[in-house]
Amino acid sequence: MSGWPPILAWSVAGLVLVAFVLVADRLGSRVRQGAMRAYNRTLAIAFPVLLLAMWEVMVGQGFINGRWFPAPTSIATALWDMIVTYDRFNNTSLLGRPWLIPEVWPEEGWAGVRRLFGESHVLATLGRVAGGFLIGVLPGVLVGMAMGLNRTIRQMLDPIMSALYVLPKIAIFPLMMLIFANPFGEGPKVAVIAITAFFLVAINTMAGVRGIESVYIEAGRNYGASSLQMLRHVILPGALPIIFSGLRLALGSSLIVIVAVEFIRAQQGVGFLVFYYWQILSVPKMYAALFVVMLLGVGLTFVLQWLETRVMPWRR
Amino acid sequence: MPEGQFVCIVGPSGCGKSTFLRILADLTPLTSGSVEIAPGKPGKPLNSVVFQEYAIFPWKTVIDNVAFGLQMRGVRKAERYAVADEWLTRVGLRKFREFYPSQLSGGMKQRVSIARALATDPEVLLMDEPLGALDAQTKTVLQGELLRIWEEHRKTVVYITHSIDEAVLLGDRVVIMTAHPGTNKTEFMVDLPRPRGIEATSTPEFASMTGRIWSALEDEVRKAMEAQL
Chain W
199 MSGWPPILAW
209 SVAGLVLVAF
219 VLVADRLGSR
229 VRQGAMRAYN
239 RTLAIAFPVL
249 LLAMWEVMVG
259 QGFINGRWFP
269 APTSIATALW
279 DMIVTYDRFN
289 NTSLLGRPWL
299 IPEVWPEEGW
309 AGVRRLFGES
319 HVLATLGRVA
329 GGFLIGVLPG
339 VLVGMAMGLN
349 RTIRQMLDPI
359 MSALYVLPKI
369 AIFPLMMLIF
379 ANPFGEGPKV
389 AVIAITAFFL
399 VAINTMAGVR
409 GIESVYIEAG
419 RNYGASSLQM
429 LRHVILPGAL
439 PIIFSGLRLA
449 LGSSLIVIVA
459 VEFIRAQQGV
469 GFLVFYYWQI
479 LSVPKMYAAL
489 FVVMLLGVGL
499 TFVLQWLETR
509 VMPWRR
Chain F
664 MPEGQFVCIV
674 GPSGCGKSTF
684 LRILADLTPL
694 TSGSVEIAPG
704 KPGKPLNSVV
714 FQEYAIFPWK
724 TVIDNVAFGL
734 QMRGVRKAER
744 YAVADEWLTR
754 VGLRKFREFY
764 PSQLSGGMKQ
774 RVSIARALAT
784 DPEVLLMDEP
794 LGALDAQTKT
804 VLQGELLRIW
814 EEHRKTVVYI
824 THSIDEAVLL
834 GDRVVIMTAH
844 PGTNKTEFMV
854 DLPRPRGIEA
864 TSTPEFASMT
874 GRIWSALEDE
884 VRKAMEAQL
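For the record, the sequence lines run as chains W and F. For the first sequence, this note's numbering gives the first residue as 199, with consecutive numbering after it. For the second sequence, this note's numbering gives the first residue as 664, with consecutive numbering after it.
I should point out that these hints are in silico values taken from the structure, not numbers from a laboratory. The C-beta atom is built at its ideal place from N, Cα and C for all residues, glycine as well. Among the clues, some could well be false.
[As the list claims (entries may be wrong)] If you want the ones that stay clear, here's a sample from chain W, every Cβ over 12 angstroms from chain F, calculated:
1. GLY212
2. GLY260
3. LEU449
[Unchecked claim] The list that follows gives simulated cross-link-like pairs (lysine to aspartate or glutamate, DMTMM-like), each with its CA atoms no further than 25 angstroms apart:
4. F:LYS758 with F:GLU808
5. F:LYS818 with W:GLU416
6. F:LYS740 with W:GLU416
7. F:LYS802 with F:GLU881
Isolated chain W (complex conformation) (with noise of 0.2 angstroms):
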């Protein structure tokens, strides 16, 4: 602990930051017009590193209680001594140990890769999630799409339809886990995120069809489009951009699921770790897990967008 009073290294920490913003700005304004992009990268990135600098200096100088809030160099510890250790009692680890592929494979082949991925927290998480989706999504568009063509099918289902749309999805998870013969399994966790998915995608694609211009369907039948072909060239393409913002609707509801469920009923996955170090108080391994869910969530974020940009090229 060094000698300064508090209320002093705060302020000091206070007026760095007053002079970064100061000084970035002054620099801003002078930056050529063909570095801008460069000089704002430059910047996104500068800024958070100084934050992590400053929080890594008063934890060292013991401002900041390192129990609660750990140096960002001792989460980076814990994160790489989690990505490296094997956890001989509940046969788990955070990436599935992929180093030792050479050693297994001309032993036991595909099994042993399958083995190893298998003990990954992440994979786990990861699976959950995309198998969630695969199953709810598909039925979600189908309902979407035949509430917004039909009216009685969307009478018929519109009140169904909102009320359990309001219902948080993981008030439903006890259900699944009594629904399901294993109530520990991946069953009901996969369910509880394929029912999330499938209302989010449902209620978004019936907007979507409800949403088309009634121009471009009037084109459409006068070009002499069949049923068939108006979906597959005027229906889809017209609802595909409020479908997938009903899927980025459905990522952000399934990582808090998922995790929430992960909290309560699982030996593994990331929502299982950030509790489990809670539980043990291992604080810098539980910041690093929290970490790893923030990272999952801008990667899954990161596909749905290549996948936006592949399905919608008119959309750039």
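Position chain F relative to chain W; hints supplied.
Same frame as chain W, but now just chain F:
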């Protein structure tokens, strides 16, 4: 209506010009009365509509938009692209065949829409204020192009517009619709010589023609305005 004639329908707003066109195109059901449509030749669509709001599909490239009508009729890809390319060349958009509509200007979009309608080789071309949303200069350019393209094929056209000038410039016959309820009031035959160009608008015959049509239309426009009050 004789084949190969260019008929323009003008009338005050709200008199049902667009509705009439939609009935012709079988997009709106008829509530009373009747419309007689002569059966077309087999294998050819009866009509194609060029909509006021372009209505070209933003999710299809220019070439796929133009080939859309043929695709719906099950024409093979190579064949429909060949036809579409020909029409794109004719409207001067060959270079833009792989573009999406969002990358085009309003005038270019409407050219695509016109090419899409013509590519299906319809018996009748129905145009619902196709140039209504364009700025004055683009409009003039497209009027010239429309005249040129029409001279090549002499298709039967029903053209709805607000503008008397446009009607006289393009049409063989100008039909005036009355204020609500819309009925066919008077007809004028336009006897300006074909082939016409934009220059036709500066002749004295053109001026006297538009003058006569306006004096017939004026009452209707006033009635329509009063009805709205």
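Consistency of the no-contact label for GLY212 of chain W, given chain F and a CB cut of 12 angstroms:
GLY212 of chain W is indeed farther than 12 angstroms from all Cβ atoms of chain F, at 47 angstroms.
Checking one constraint from the list: CA of LYS802 of chain F to CA of GLU881 of chain F, max 25 angstroms. Satisfied?
holds, 24 angstroms
Would the non-interface assignment of GLY260 of chain W survive a Cβ cutoff of 12 angstroms against chain F?
holds, 58 angstroms
Would you check the hint for LYS758 of chain F and GLU808 of chain F, treating anything up to 25 angstroms between C-alpha atoms as holding?
holds, 18 angstroms
Keeping to a limit of 25 angstroms between CA atoms, is the pair of LYS740 of chain F and GLU416 of chain W held or broken?
holds, 23 angstroms
Pair hint outcome, LYS818 of chain F versus GLU416 of chain W [Cα-Cα no greater than 25 angstroms]:
Measuring from Cα to Cα gives roughly 22 angstroms; hence the hint holds.
With 12 angstroms as the threshold, tell me whether LEU449 of chain W passes as away from chain F on beta-carbon distances.
The claim stands: LEU449 of chain W keeps its Cβ more than 12 angstroms from every Cβ of chain F (closest is about 23 angstroms).
Violated hints: none; the structure is consistent with every hint.
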